[in-house]
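Visitor: Can you make the complete structure from the sequences, with help from the hints?
Listed here are the chains, written in short residue letters.
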Amino acid sequence: MDQVLTGKNLSLGYEKGQDRKVILSDLNFQLYSGQLTCLLGPNGVGKSTLVKAILGRIRPFEGEIKLLDKSPVDYPREKLSKKLSVVLSEPIIPAQMTVEQLVGLGRTPYLKWSGTLSELDRKYVNEALAATKMDFLRKERLGELSDGQRQKAMIARALAQDGKVVILDEPTSHLDLVNRHEIMFLLQDIAKNQDKAILVVTHDLDIAIETAHQLWLMNCGSPLIAGLPEDLILNAQINELLPKDRFFFDPKRGKVNLRSEDSGLEIQGSEDLVFWLEKALKKRKSTFRTEERIHVLENPFRIQVGDRIYHSIAEFFEESQTSLR
Amino acid sequence: MKTNQNAFFFILAAVALVFLFLINLGLGSVSIPIDTLLSGLFTGEWEKSSHREIILNYRFPKSLVAVMAGIALSLSGLQMQTFFRNPLAGPYVLGISSGGGFGVAILLLAGSFLGFSGMVISSWATAIAGILGAVSVLALVSLVAWRVRDSMTLLIVGIMFGAAVSAIISVLAFFSEAEALKLYTIWSMGSLGGLGWNQVGLLGLLLGIGAFPLLLATRSFNALLLGETYAESMGINPVRLRWLVIISTGILAGSITAFCGPIAFVGIAVPHLARLVWKSADHRILFPGSALLGAGLLLLCDTIGQLPGSAQTLPINAVTSLVGAPVVIALVLKRNFSKEF
Chain A
1 MDQVLTGKNL SLGYEKGQDR KVILSDLNFQ LYSGQLTCLL GPNGVGKSTL VKAILGRIRP
61 FEGEIKLLDK SPVDYPREKL SKKLSVVLSE PIIPAQMTVE QLVGLGRTPY LKWSGTLSEL
121 DRKYVNEALA ATKMDFLRKE RLGELSDGQR QKAMIARALA QDGKVVILDE PTSHLDLVNR
181 HEIMFLLQDI AKNQDKAILV VTHDLDIAIE TAHQLWLMNC GSPLIAGLPE DLILNAQINE
241 LLPKDRFFFD PKRGKVNLRS EDSGLEIQGS EDLVFWLEKA LKKRKSTFRT EERIHVLENP
301 FRIQVGDRIY HSIAEFFEES QTSLR
Chain B
1001 MKTNQNAFFF ILAAVALVFL FLINLGLGSV SIPIDTLLSG LFTGEWEKSS HREIILNYRF
1061 PKSLVAVMAG IALSLSGLQM QTFFRNPLAG PYVLGISSGG GFGVAILLLA GSFLGFSGMV
1121 ISSWATAIAG ILGAVSVLAL VSLVAWRVRD SMTLLIVGIM FGAAVSAIIS VLAFFSEAEA
1181 LKLYTIWSMG SLGGLGWNQV GLLGLLLGIG AFPLLLATRS FNALLLGETY AESMGINPVR
1241 LRWLVIISTG ILAGSITAFC GPIAFVGIAV PHLARLVWKS ADHRILFPGS ALLGAGLLLL
1301 CDTIGQLPGS AQTLPINAVT SLVGAPVVIA LVLKRNFSKE F
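For the protein sequence lines, the chains are A and B, in the order given.
297 is the number that our numbering gives to position 297 of the first sequence; each next residue is one higher, with no gaps.
If you want our numbering, it's the position in the second sequence, counting the first as 1, plus 1000.
It is worth saying that the hints were derived from the structure and are not from the lab.
Errors might be hidden in some of the hints.
[Claimed, not checked] Among chain B residues calculated to face chain A with C-beta under 7 Å, some are:
no.: 1; residue: T1185
no.: 2; residue: L1216
no.: 3; residue: T1218
no.: 4; residue: A1223
[Claimed, not checked] Residues from chain B that keep clear of chain A, each with C-beta distances beyond 12 Å, as calculated:
no.: 5; residue: T1043
no.: 6; residue: K1048
no.: 7; residue: V1135
no.: 8; residue: I1156
no.: 9; residue: G1193
no.: 10; residue: N1198
no.: 11; residue: L1205
no.: 12; residue: I1236
no.: 13; residue: I1247
no.: 14; residue: D1282
no.: 15; residue: L1322
no.: 16; residue: A1325
no.: 17; residue: V1332
All values derive from a computational prediction rather than experimental measurement.
All C-beta atoms, glycine included, are put in the ideal place defined by N, C-alpha and C.
Guide: Quick look at the structure:
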């Protein structure tokens, strides 16, 4: 597990003439090979700025980024492209191209002017297709794929580029739930099996916790927090992502929850059932009050208040508004 | 199988091109039978000296110009479409044809103000004026290109320059004499004929110079299909590529406009035809494919424009659009094509 990318006391931002606008300061991080790292943070916190700096498109005001032995801005463009590849969220893709041709484009930095693939290049393309399980679609045109398959093809392209580091900027933002999971687990596998350092910028906290080996949390005005997802949950640092007055991370459920007043109701029953009933009450902002104890029972599901029985939460809400008021 | 199919279409297009070339040579106000033509071309002996004269000094250079113009315009159109990632881009989006027109307009229309009206204006003079005009507009656009980072801004600036220059031409036309105006209008309709061997040679040289850099940048154009950010992440230098595109289209489309006038349509349509025929986005196929189809299309249009059997010819600019537009509309409607760009 080597450090392939490190940032030390970084300060980043944009320059326009004499004006310097600092967006991020005092950043410290390490990206390890063989690991999937997820970068999380609210919109506008400067994730894209950090990615741009890692890609060598902006020069840090202070501090340094090191990719292997040099700062990304000091690499010649072509050398850098052999160390680092990217996948973006926007799918700008020529529909006429086949998957195989797209993945072949990943070999661009290694090709001569004509862009003809050598035997070795083909080997890399095949490996990338195999690693992303896109083998069976290799002759398919991109216009005929689903969004999830297309994004996998883009990942295969990035792999064929054969860099040590792969950076993905919100790769799953257009995808459905199953595809999101699938792609993140795929990336986790690739990081491990091919010893790549993979950095994913994402908003998907759940899936990031599920799949990442390391999390980077960014929030306005606080330094970047890095650590094992589980550690960050247990020491509550994960709450740094959230506006603390309104939300909190529930370590038991592994979910973000709204902070709210206690409903003031006494609910009894098995933990799961109570949890969902309370959730429903919170969502309703229910003002329903009763001195009586509420029982939630299983098999079949029912809610018992005194001698009244309701068979669903909806029914409970409906009746409680009329009869109990 | 895919490679075989591609090769088949290439051979087909090449054979069609040779046939069109021969037909183009043979047909015209004087029809020359194909056997006379072939024996004359290969043995150098002609039955009638008038045939020799017509073919060697009039039709052969004209057919060659049609081929070269077809190649040059298609290649510029293709690189513009890929560079701007816009299916509507063509060789003239950066204002090259307006610039050429501007140069010629100054020569033909402003003569009465500047005091050289009535002079006999040779085709060399028109060509030089056209080149100067195209180069100066291109230089202005390049100045902007140097400052802006993204290609969309460049596209808008190019179109605006074109519009402004066209407006100046209109003002000139408004104040000019009827005779001069007619000369300018005829120039703007385009013509493939009337060029001597010297000019054809120069055009060939310019075509070579303009097309050569494309050969070296095939890899970059392919990478650019994924957009500038991806291309850059794959080691392509977008700034260098932008200059290559500006210079290459400047030379290719600029020289054709200068010698033949603005020829519409071919540059936009042919790359789309090539994509439809070869079903590929790969520039290793599209560059030669567009060149072949462009040359063939312009030869065909020129042959039709000669109105075989009659002494009249139609302006090439009108024919390309009249013939080409229905063909492209039909193809585009048949296949759901905007998705396939």
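Visitor: If a hint holds in the structure, say so; if it doesn't, say that too.
Guide: Right, here's what the structure says about each hint:
With its C-beta approaching chain A no nearer than about 40 Å, B/T1185 sits outside the 7 Å limit, and its interface hint is violated. Interface restraint check for B/L1216: the shortest CB-CB distance to chain A comes to about 5 Å, inside 7 Å, so the restraint holds. The beta carbon of B/T1218 is positioned within 7 Å of a beta carbon in chain A (closest approach about 5 Å), and the interface hint is therefore held. For B/A1223, the shortest C-beta to C-beta distance to chain A is roughly 5 Å, which falls under 7 Å, so the interface hint holds.
The beta carbon of B/T1043 is kept farther than 12 Å from every beta carbon of chain A, the shortest such distance being approximately 40 Å. With a minimum CB-CB distance of about 48 Å to chain A, B/K1048 clears the 12 Å threshold, and the non-interface call stands. With 12 Å as the threshold on Cβ separation, the claim that B/V1135 sits away from chain A holds: the shortest Cβ distance comes to roughly 27 Å. At the 12 Å boundary, the C-beta of B/I1156 stays outside the reach of chain A, the nearest C-beta of that chain being 19 Å off.
For B/G1193, the non-interface assignment is confirmed: its Cβ lies about 36 Å from the closest Cβ of chain A, beyond the 12 Å cut-off. With a closest Cβ-Cβ approach of about 33 Å to chain A, B/N1198 is found to remain outside the 12 Å limit, as its non-interface label requires. Non-interface status of B/L1205 relative to chain A is upheld: no Cβ of that chain comes within 12 Å, the nearest being about 22 Å off. For B/I1236, the requirement that its beta carbon stay farther than 12 Å from each beta carbon of chain A is not met, with the minimum near 7 Å.
For B/I1247, the non-interface assignment is confirmed: its Cβ lies about 17 Å from the closest Cβ of chain A, beyond the 12 Å cut-off. For B/D1282, the shortest C-beta to C-beta distance to chain A comes to about 6 Å, within the 12 Å cut-off, and the non-interface label is violated. Under the 12 Å C-beta cut-off, the non-interface status given to B/L1322 relative to chain A holds; the minimum distance is some 28 Å. With a least CB separation of 23 Å from chain A, B/A1325 remains clear of the 12 Å interface cut-off, as annotated.
The Cβ of B/V1332 lies farther than 12 Å from every Cβ of chain A, with a closest approach of about 14 Å, so its non-interface assignment holds.
Checked against the numbered hints given earlier, the structure breaks hints 1, 12 and 14 and satisfies all the rest.
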